[in-house]
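As a plain string of letters, each chain reads:
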Amino acid sequence: MGAYVARRLLLAAVAIFGVLVITFFLSHIVPGDPVAAILGPQAPEDVIEELRHRWGLDRPIPEQFLLYLRRLAQGDFGQSLATHRPVLQDLKEFFPATVELATASILVGVAAGLAVGILSAISRGSWLDHLVRFVSLIGLSMPVFWLGLIALLIFYYNLGWLPGPGQIDVYLLRPPWVTGLITVDALIARDFEVFRNALRHLVLPAFVLGSHAMVGIARITRASMLEVLGQEYIKTARAKGLPERIVILRHALKNALLPIITVIGIYYGSLLEGAVLTETVFAWPGLGRYATSAILSQDFAAIMGVTILIALIFSFANLAVDLAYAFLNPKIRYE
Amino acid sequence: MAARLRQERVRTLRLAWRTLRNPLSLAGLAIIGLLICVAALAPLLAPYDPLRTDIANRLAPPSSHHLFGTDQLGRDVFSRVLYGARISLRIAILTALISTVIGFPVGIFSGYFRGRVDDLLMRVTDMFMAFPRLVLAMAIAAALRPTLENVVIAIALAGWPTYARLARSVTMAIREEVYVEAAQAVGASTSRILLRHILPGVVSPVIIQVSLDMGGIILTAAGLGFIGFGAQPPTPEWGLMISEGRNYIPGQWWLSTFPGLAISLVVLGFNLLGDGIRDVLDPRLRGR
Amino acid sequence: MNRSRCMLVVLVTLALLVTGWVPNVNGQVAKTLLVLGRLISDAVSLDPAQAFEFTSVWVDKQVYDTLVDFSKDFSRAVPMLARSWTVSPDGKTYTFRLRSGVKFHSGNPVDAKAVEFSIRRVFRLKLTPSFIVTSFIDKPEDVVAIGRDQVQITFNQPMPETMMASVLANPVTGIVDPALIQKNATPDDPMANKWLSTNDAGSGPFILRSWRRNVRIDLEAFPEYWRGRPKLNRIILLEMPEPTTQLLALQRGDIDAAMSLLPRQYRELAGRKDIIVKSSPTFSLRYLAMNVGYEPFSKVQVRNAVKWAIDYDAIKRIWEDAIDPGQTIVPARMFGHLPERPYRKNVERARSLMREAGYERGFKAELLTVPDPPLPDVAAKIKEDLAAIGIDVEVKQLRSADLLGIYRAQKHQMVIARWGADYPDPDNLAKAFADFDMRQLAYRNQWDHPVKQLVKQAVGELDRKKREELYKRIQKITLEEGPYVVFAYPLRQIALRANVKGLEPSPLYETYDLFEVWKE
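Residue numbers (our numbering), protein chains in the order written: chain A, 1 to 335; chain B, 336 to 623; chain C, 624 to 1143.
Only chain A is shown next, with the shape it has when bound in the complex (with noise of 0.2 Å):
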């Protein structure tokens, strides 16, 4: 086990420094500016030629690419272009709004997914289970963003349910800067109001992005559920007269999570790739955007941050399902 997990972390070592030099050859060879994108059309050219040289970005791409790895080696990311700060400090600011976010839409998506799931496998066949696999197939359907749109417009704009967009309300204060996550730090700085407040930002963006991983997860559920359901233990247990929610929670649900866990796993890394567009339509202050941002300003050393942070976060949440798999399920082995 302790020579598998080795040799996974390994690979996904290789293969994130793959990445790296596709990143970084990629982002370099377009003939963009990005120091005249940041100075602005009207900056003079002297400036822009010094800011060029003090970054070392007039010298030749492999030799940019050397310097890169050498500071990178010694824990430094580089400066953004853009924000005039290190990236790592960017990155630690911008990473638990999407980590936040993340997880509540994970949350949404386990909850309701399961909820949905289960429901439609106990009454397979019936209208119901056929309702919730066209709405969910519709739901899959949308385009996340202007999913976003939508629910923006009816529980923000027309019904007035939810709060827009945003972390919390403008007039709140943010409590203290400890682990990031504003609903953790408020709990901790036992502010509950803004604790209320931070919960029902997290609403409609949590559900919108959780929607496609809510409509996998109950499917994945459904069907895995379904199996459990035909084999003799279940059949045994419902003729021992035990109650039916007892059968289908305890001796049901727990055999059928396997293959659940490998499809949560799955969604939470593809996750990332939903929060660019919402945080877009809800100005979420978190990684998408600072991606989306820093691809669109050309900025370098922002674009080769964040993609180590997503690789290394897509490799572990790879690694954590197969561990997860394995744990849960000893028939499996690893050489």
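Please note that the accuracy of each hint is not assured.
[To be verified] Sample of chain C residues at the chain B side, in silico, Cβ under 7 Å:
1. Arg-850
2. Pro-999
3. Ala-1003
4. Glu-1007
[Stated by the list, open to error] Mimicking SDA-like on lysine to any residue, the simulated pairs with C-alpha atoms at most 20 Å apart in a straight line are:
5. C/Lys-1034 to C/Glu-989
6. C/Lys-1034 to B/Thr-482
7. C/Lys-939 to C/Lys-968
8. C/Lys-987 to B/Leu-386
9. A/Lys-92 to C/Thr-821
10. C/Lys-817 to A/Arg-85
None of these hints come from the bench; they were simulated from the model. We treat Cβ as the ideally placed atom computed from N, Cα and C, and that holds for glycine.
Fit chains B and C to the given chain A structure using the hints.
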């Protein structure tokens, strides 16, 4: 050999038949048929030129003259949505084509030769899969300059590893079968084995996978258009239309609503069909 | 029965999930707090010696005082920290007498040494906006403190009063607290640029409290401000990149003012009772440029054919009429503007010019623009207009990094872009559009024309009448021969909740200062 191919064909036909018995997948097929018709006949169906501006008549709400209203330049939204079908269909087909063209050989070589080749090729796919598809496509699209062709290339480059993986596992399975071993024993050339024995077996699972992914490809393309890495104005691409139209919400809702509905409908079509196929392949999932 | 009970449990769970957080309507911002929705992610640094983006310049205008300011109509300079001033007969040396008793936010006094220090600091740092100072003052030693309350500044050319104000009312010459700078200086950053990028060392009406990048900027009233205590206690600038989100938030009362809506949205808000839309001319323009280095555009007839082919009225409509009409490079309402508008859509005339140039069969051209609405719409319209005279235009919408890279390298064929005045004087625009040697727009479009001599002559002309004549000649020549189609001077608009008073858009820095703003 021939027997196996026939068997394969029968299996595919049976699969198709079973898929079509399901009303939902039939509906999906109908939607896709509609998409193809609309794309082919757009010039005949569209009441206006999708690029023709009419400044005096801009932002007109839906009416009998303009079924879906007009946009910020007075162009007919209905005609633009119809022409948009061509673009989405083209993107989807080209992307699927390119990513399978890359994925097939990689997967087949990997699965057939194993060893070093396999290790190397799989590390490459790992690299591509260490990334969410949209983010990777964004980076590639940005590096290539935004045009429709480059959107296709970006999504294909981000998407081919899935097919490579699938082709690899199918190849590995077929390779073990008796008739392949027999062919090897009688001294058939490797290229002949790959072309005559392995490739036909790999085609159908990959095509099924592609059809399942079609909706995702269209969504990714629309996402790229939405954040500005995709089609260029004045192209009537749906994602771009939503992006342009979102500045007119809530006043002129029709600008972004109709292209949004169009995307949802088309993707729903592919999803319904894909769902039906999956049902047939994996009976556990079946409703009845 | 059991099965349905189980369903019930699930349903209730779902219902709880959805309704756990039902209404709790807010939507009113407190009276002494002003919340502004706008794009703030453009800001790089709030150090006045570095700020050059819309947001940072505007914030620094609230946090730092300058020696002088412009009168509201930008026709003359008015006192700020300088109570009064005198000019030497050659127009080059200004002596300012400072107001007494003015304090920095830290409590330290604002004196002549601080002024000297602040302007010399711009030379030392030499960051983006420093050219506004260094183009007119040769060296740091030309700024000298005399005693505690007088400062003498020697310019490198005769300076008409408005040119003087162009330098000394610009936030780049905002006065910073030398004691704080020294306290936060480090060996590799002796001017504490890094520290000042996110901190406050000003004496203006508002104190910079905090800046969460790409999220919000918090300002707080400075109670001991020399003009009196501001009426607002706090101001929050909120990052809202989507115009539609801004619009919804304003309508719901979550923000007091929206500053980056689209023309159409302002127009629709104008009909509402609870919201007021205010507009002002701006010193900025939108133009189409043709690269003279691209063979067809080297012919003046082709350039003018393009000018005759474009439907200017349609562009005005695309902007929802929120523009000042005009076709010259100096915006309307600025000193020296030439109010001539010879071009209107005339396809016949455009075609005959194309024939004259030998291009009756047309040619292909690439048109670059940025995804900054409504520019893409304008590009689409121009594509259609130029098709009528045989020019087959391909529109490319690029990131501004790409566009500027191509534009600066002179590799474009056509570009649609914006230019905003760095200071409210025609010199700024004449230099950019007509003086090839400045390496700005004339250079990028490879238009090297003798008109540049006039530009160099006009800036130092002390006689207002003669100066105006010179700028009019420059504009006329550029209009008739230049590679630009100027199609709009867009108005600046802001939308406010009706209870916000005294917030006025300004032609130069988005709004006049917030000192007088209050809420009913």
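Verification of the supplied hints:
1. Evaluation of the C/Arg-850 hint against chain B yields a violated restraint, the C-beta minimum of about 39 Å exceeding 7 Å.
2. Below 7 Å, beta-carbon pairs count as interface contacts, and C/Pro-999 has one with chain B at about 4 Å; its hint therefore holds.
3. Below 7 Å, beta-carbon pairs count as interface contacts, and C/Ala-1003 has one with chain B at about 4 Å; its hint therefore holds.
4. The restraint placing C/Glu-1007 at the interface with chain B holds, with a minimum CB-CB distance near 6 Å, inside the 7 Å limit.
5. Restraint check for C/Lys-1034 and C/Glu-989: the C-alpha separation of about 11 Å stays at or below 20 Å, so the hint holds.
6. Between the alpha carbons of C/Lys-1034 and B/Thr-482 the distance comes to roughly 18 Å, so the proposed pair stays at or under 20 Å and holds.
7. Straight-line distance between C-alpha atoms of C/Lys-939 and C/Lys-968 comes to about 13 Å, which keeps the hinted pair within the 20 Å bound.
8. For the given pair, C/Lys-987 sits about 18 Å from B/Leu-386 by alpha-carbon distance, which is consistent with the 20 Å threshold.
9. For the hint pairing A/Lys-92 with C/Thr-821, the CA-to-CA distance comes to about 17 Å; that is within 20 Å, so the pair holds.
10. For the given pair, C/Lys-817 sits about 9 Å from A/Arg-85 by alpha-carbon distance, which is consistent with the 20 Å threshold.
In terms of the numbered hints stated before, the structure departs from hint 1 and from no other.
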